[in-house]
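There are 4 protein chains.
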Amino acid sequence: MAGNTFGTLLRLSTFGESHGIAIGGVLDGIPAGLNIDLDFVQAELNKRRPGQSQFTTSRNEEDKVEFLSGIFEGVSTGTPIGFMIRNKDSKSNDYSHLQSTYRPSHADFTYEKKFGVRDYRGGGRSSARETACRVVAGALAKLLLSKYNIQITAFVNQIGPIRLTRNYNEIDLSLIENNPVRCPDEPTALQMMKLINETKEKGDTLGGTIQCVIQNLPIGLGEPVFDKFDAMMAHAMMSINATKGFEIGSGFSSIDKNGSQLNDVFINDNGIKTKTNHSGGVQGGITNGMPVYFNVAFKPVATIMQSQESVNSKGETITLESKGRHDACVLPRAVPIVESMAALVTADFLLLSRGNKI
Amino acid sequence: MAGNTFGTLLRLSTFGESHGIAIGGVLDGIPAGLNIDLDFVQAELNKRRPGQSQFTTSRNEEDKVEFLSGIFEGVSTGTPIGFMIRNKDSKSNDYSHLQSTYRPSHADFTYEKKFGVRDYRGGGRSSARETACRVVAGALAKLLLSKYNIQITAFVNQIGPIRLTRNYNEIDLSLIENNPVRCPDEPTALQMMKLINETKEKGDTLGGTIQCVIQNLPIGLGEPVFDKFDAMMAHAMMSINATKGFEIGSGFSSIDKNGSQLNDVFINDNGIKTKTNHSGGVQGGITNGMPVYFNVAFKPVATIMQSQESVNSKGETITLESKGRHDACVLPRAVPIVESMAALVTADFLLLSRGNKI
Amino acid sequence: MAGNTFGTLLRLSTFGESHGIAIGGVLDGIPAGLNIDLDFVQAELNKRRPGQSQFTTSRNEEDKVEFLSGIFEGVSTGTPIGFMIRNKDSKSNDYSHLQSTYRPSHADFTYEKKFGVRDYRGGGRSSARETACRVVAGALAKLLLSKYNIQITAFVNQIGPIRLTRNYNEIDLSLIENNPVRCPDEPTALQMMKLINETKEKGDTLGGTIQCVIQNLPIGLGEPVFDKFDAMMAHAMMSINATKGFEIGSGFSSIDKNGSQLNDVFINDNGIKTKTNHSGGVQGGITNGMPVYFNVAFKPVATIMQSQESVNSKGETITLESKGRHDACVLPRAVPIVESMAALVTADFLLLSRGNKI
Amino acid sequence: MAGNTFGTLLRLSTFGESHGIAIGGVLDGIPAGLNIDLDFVQAELNKRRPGQSQFTTSRNEEDKVEFLSGIFEGVSTGTPIGFMIRNKDSKSNDYSHLQSTYRPSHADFTYEKKFGVRDYRGGGRSSARETACRVVAGALAKLLLSKYNIQITAFVNQIGPIRLTRNYNEIDLSLIENNPVRCPDEPTALQMMKLINETKEKGDTLGGTIQCVIQNLPIGLGEPVFDKFDAMMAHAMMSINATKGFEIGSGFSSIDKNGSQLNDVFINDNGIKTKTNHSGGVQGGITNGMPVYFNVAFKPVATIMQSQESVNSKGETITLESKGRHDACVLPRAVPIVESMAALVTADFLLLSRGNKI
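Residue numbers (this note's numbering), protein chains in the order written: chain A, 1 to 358; chain B, 1 to 358; chain C, 1 to 358; chain D, 1 to 358.
Careful, some of the hints might be misleading.
Unchecked claim - Pairs of lysine-lysine residues, derived as BS3-like cross-links and limited to a Cα-Cα distance of at most 30 Å, are as follows:
| hint | chain 1 | residue 1 | chain 2 | residue 2 |
| --- | --- | --- | --- | --- |
| 1 | C | Lys113 | A | Lys357 |
| 2 | C | Lys194 | D | Lys257 |
| 3 | A | Lys147 | B | Lys113 |
| 4 | A | Lys64 | C | Lys64 |
| 5 | B | Lys314 | A | Lys273 |
| 6 | A | Lys257 | B | Lys194 |
| 7 | A | Lys113 | B | Lys147 |
| 8 | C | Lys273 | D | Lys314 |
| 9 | C | Lys357 | A | Lys113 |
| 10 | D | Lys113 | C | Lys273 |
| 11 | D | Lys357 | B | Lys113 |
| 12 | B | Lys314 | A | Lys202 |
| 13 | A | Lys257 | B | Lys200 |
| 14 | C | Lys64 | C | Lys200 |
| 15 | C | Lys202 | D | Lys273 |
| 16 | D | Lys64 | B | Lys113 |
| 17 | C | Lys257 | D | Lys113 |
| 18 | D | Lys314 | C | Lys275 |
| 19 | D | Lys357 | A | Lys357 |
| 20 | B | Lys113 | A | Lys357 |
| 21 | A | Lys357 | D | Lys64 |
| 22 | A | Lys357 | B | Lys314 |
| 23 | B | Lys273 | A | Lys200 |
| 24 | B | Lys275 | A | Lys200 |
| 25 | C | Lys357 | D | Lys314 |
| 26 | B | Lys113 | A | Lys257 |
| 27 | D | Lys257 | C | Lys47 |
| 28 | D | Lys47 | C | Lys200 |
| 29 | D | Lys273 | C | Lys314 |
| 30 | D | Lys47 | C | Lys257 |
| 31 | A | Lys200 | B | Lys257 |
| 32 | C | Lys357 | B | Lys64 |
| 33 | A | Lys273 | B | Lys113 |
| 34 | C | Lys357 | B | Lys147 |
| 35 | D | Lys64 | B | Lys64 |
| 36 | D | Lys273 | C | Lys275 |
| 37 | A | Lys357 | D | Lys147 |
| 38 | A | Lys202 | B | Lys257 |
| 39 | D | Lys113 | B | Lys357 |
| 40 | B | Lys357 | A | Lys257 |
If you are wondering where the hints come from, they were derived from the structure by calculation, not from laboratory data.
I would like the entire structure built from these sequences, with the hints used as guidance.
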């Protein structure tokens, strides 16, 4: 019902199917007076665009965003920003064979059972194409955050077994865009690209993890109890297609340590900080001024170029030959999506925090 | 702001500080006509109660819930169910020394900076005592779910390095309450208890993971895009104190597999099912009728019985000696909290799903 | 912030300025499986269209709605319905003189002070042009309601001093579209048209009231306490531009009667009904199965074709000569807007009522 | 479902039935650092209390509010403020005869049909007793508003045909509490009291209107399009029991005037103001700095001390003899309720306005 809207004071509502006329959204709550750098927004969107490198689907979508409202003479007016991206290269014939087929680990089956009706072309609403709208909104949120010097940076830190062993604070984040897999460590990136190519040749796919860092956060973002900063961030990340896990700070590795090892001791170093940052910048659900960092796990892309067994809508066993144009590994293109959702969450909490005190 | 309310159609608002007069809540949206088994609710609450075993804090709270409205002659009336638990054994003197002290990895610092004012007694609003209200509401949600035969079961599957190696479908879930650590495998449970005792003697603490399984779910729960079943579940779990990670189905281990290995093939076995369940019962954010299972990582309890360095509100370095009564490992008592949040999420989606079709 | 979204389960978010690129919206929550009669939607929109008669502004907007998502092969899919209406005949030069002028009883001044930035062309976001999006969404809601035989009908019952003296149940509602003022009583309509013409010649404007009737409502719509059926309806109506009052059932005239005269006695006449309907179909905020009827008061259009004193943004006194193309009386075009908002409220409550009982 | 919660950033959730254990609520969003004057809150509540004068029901409820959380050392902490009022003098035996009876113009019938289950004692949830919680929350909102010098004042301006002919700006608002009917004009008040007494003797009841004025409002409160200041105020007022109409500024009388008469001309008089205030302080849904004023119509109390015909749950015609203790005219006690809802709306918009600009 309300599943297509995200946020409280900064609120994104999106619409659109993979192979319909257009996808788009309404972003309500960007404060008035923000300079909107349209080139920046388009550049962000281009990072998610299909066809940007040999590692991404060859679907050729220009993904040109058209803004319809809420911006006047280059500045936000405080009214909702409507935007739209027309679907151009939507070869929906590629999907006619899926009308009565349930692809393994896709949402064909669940959408059909939930709604009784289904736009089967390319996954319809459940397609990751929808995330382009998140990137548009996220780019606007980033522009707002940049006014407060808050910086959000994500990168690929694992693809299949190939893993970047260093943490966010040990690497040069400016190198992320230096290679098409968006891993800021060149040797690791090369290994990742090699693995993607090999896997793609076998018609198979890969998963991985993305790490996201938020720097220069003010103290005090996040709300008590249910809307903790990390809870909302987990919500945001797990709403991205193909994600299977979320961890913040020391995350799942916290289990291996005792409290005496994991506690972040407070120190006074030109202001109160913590000596370590196992908490990941959040304590009691509220930012403490240290960098927030978290990992998001993505499963391998479900569409493989191998024949698979499945079932059709009559319940008959069938063999499915995959068609269409798909990524062997979605991680590089997911980097701007992770950043965008992080930006939306952070900006919303920033606005909410204005009401903390009288 | 809105941080103390959870849910859309089934909506819980809670209030209360650890050492204030009372904690409580309002649960709005329980449909009319549900028999309310008050003994069941109290029994659920007792599972979370301090002082229930040698493994839990000795704070002696009776935790008797008092229902104030919304139930008439044993049946829900469709109006909000107000409830309250008075704080009885609140030795707030234990905390007077914390008035100007920031305990490591607690929320003292962040709450003070966010709000400027802080009820420093036992963590105030940020205390895990608040979760008792979630258990009351969760028990009511469970009663609703049981009308639809939906069953929610959580258990401890890791404490420190001691791990239950079998999965939810390989163990006898009826054994969970057989031991005070709520691990349904006796030998593992014994190891866990030994480890907790040893760690407690050192004045240290432990973390771990809880696994939760939801069975007999109808197909079609969860909403597209932002309010996916797993996204909302992640939100719910990460809102519980001390959680650091969430993963559903194959979770973080998905990374090590290829798409061809991880895809869940559909079969027709008295209805459409999947041969494997790496998806964890959710595809495209919507339940597919298979069991939902997920893991939640908890960091070790932050309050340790060792002296720690910290900083006071003047920014001066201090040495903190822990007082108060605390668990060395919170996992066993967190089991009913995980179940309760899972029940609230599931019941809310159940009600939302009534609007799916005309 | 959240001001551009309306509804809980059926949720409309709109965007767009009077003289921007487009206006549009996202309607989320239309259940799947509804046949979408596009001609009906356009016909509804045409009732609100400028230039439809001599009594409306000559701005020539085709107001052709383009649906972008959520409908597949003529049927709703349960996913959000995005739509857009391009602004075509937007002579924004007409408004350049208003850049630093505050028109009396318009929102120029308040928007500028609230946001610091203002799209001054034709009122920008505050223009009644935005209501076209409500009519599109309202038409979709009407299609949903018609499945349940619920009928919503509004008509003009007063313009200036000319008043339709009979009540909704004494008139033939099928005659509404017989004349351009949408008053179902021909002699009264003629008087109204005469008055509008006379007033327009003087460069002046008129207000009036619209009555709306909802028939065949199920018993039980509306939620206790804050979201009463009539409270939400008042909210909806008072959100329409230029409205100044709302009354349901006996409304303000209730004051003149005693309880013994105004109480609606229950009778059994093939089901429990009330002998009279002073309540207006709602008791305790919940529909009782009788027709709902209410009146909405509209002030005269603020833009008059006479010179007016005002103040510019520097605080200097100026004389304002009105330009642009405007209605002398907005009531006839407001009829579909009132119906649309009534349909959105009713449909939302219909969906909410599915959760009333277990 | 969500019907028992009101507000966005300042959010009140209430619970409780007329003759249950207690009524109460949770007010979330009061910013931290506000001095909470508990005596003021209780004094506000006393204005609504039954039994305060010969003109109100003799039900003897002390209505002592107990605060349970969110206040520490006399100051708000930014966490939810839970509160409770125990029902003491609840003679529910008075109502046992109503178990299967539908009182005319009460909510007995609609609640039973909606929910299938009904707490029939004294109207249960639909009783106006619930409004005591609004007064507690409203008093807290008033304390917040007083920090910004915003003042909210309501008074009775009509009971039956007896009407205060002067407007809010022509009367001395400090006289309101001088008489038990809360009409700030002594001769009119005396007439009203006489009429109430006469009507009560006949076993009959009276309605009327309350006028509310909000002074010293900042410019810019209210949100575009759906959440206009006046739309939300109408929602709030129409959610109060027994209200039948709402009008702001010139309201329904706007109809009798032309635009040239009704437009509020801007002038510069130590800041931009309007010469007249037909708009009622709101233009385009946003406050313009002039006083906001509006009227709320209340129908006569439905419980009369005369025998009435009705129907029982079997559909049989019965004669109903009223018992219980009831007001002949609820207007004087409704004054603090109107003020409270106005305060909640205003304070919420005040907090929302903090996000208007970057």
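Item to check | Violations among the numbered hints, reported as their numbers in ascending order | outcome: 12, 16, 28, 36 and 40
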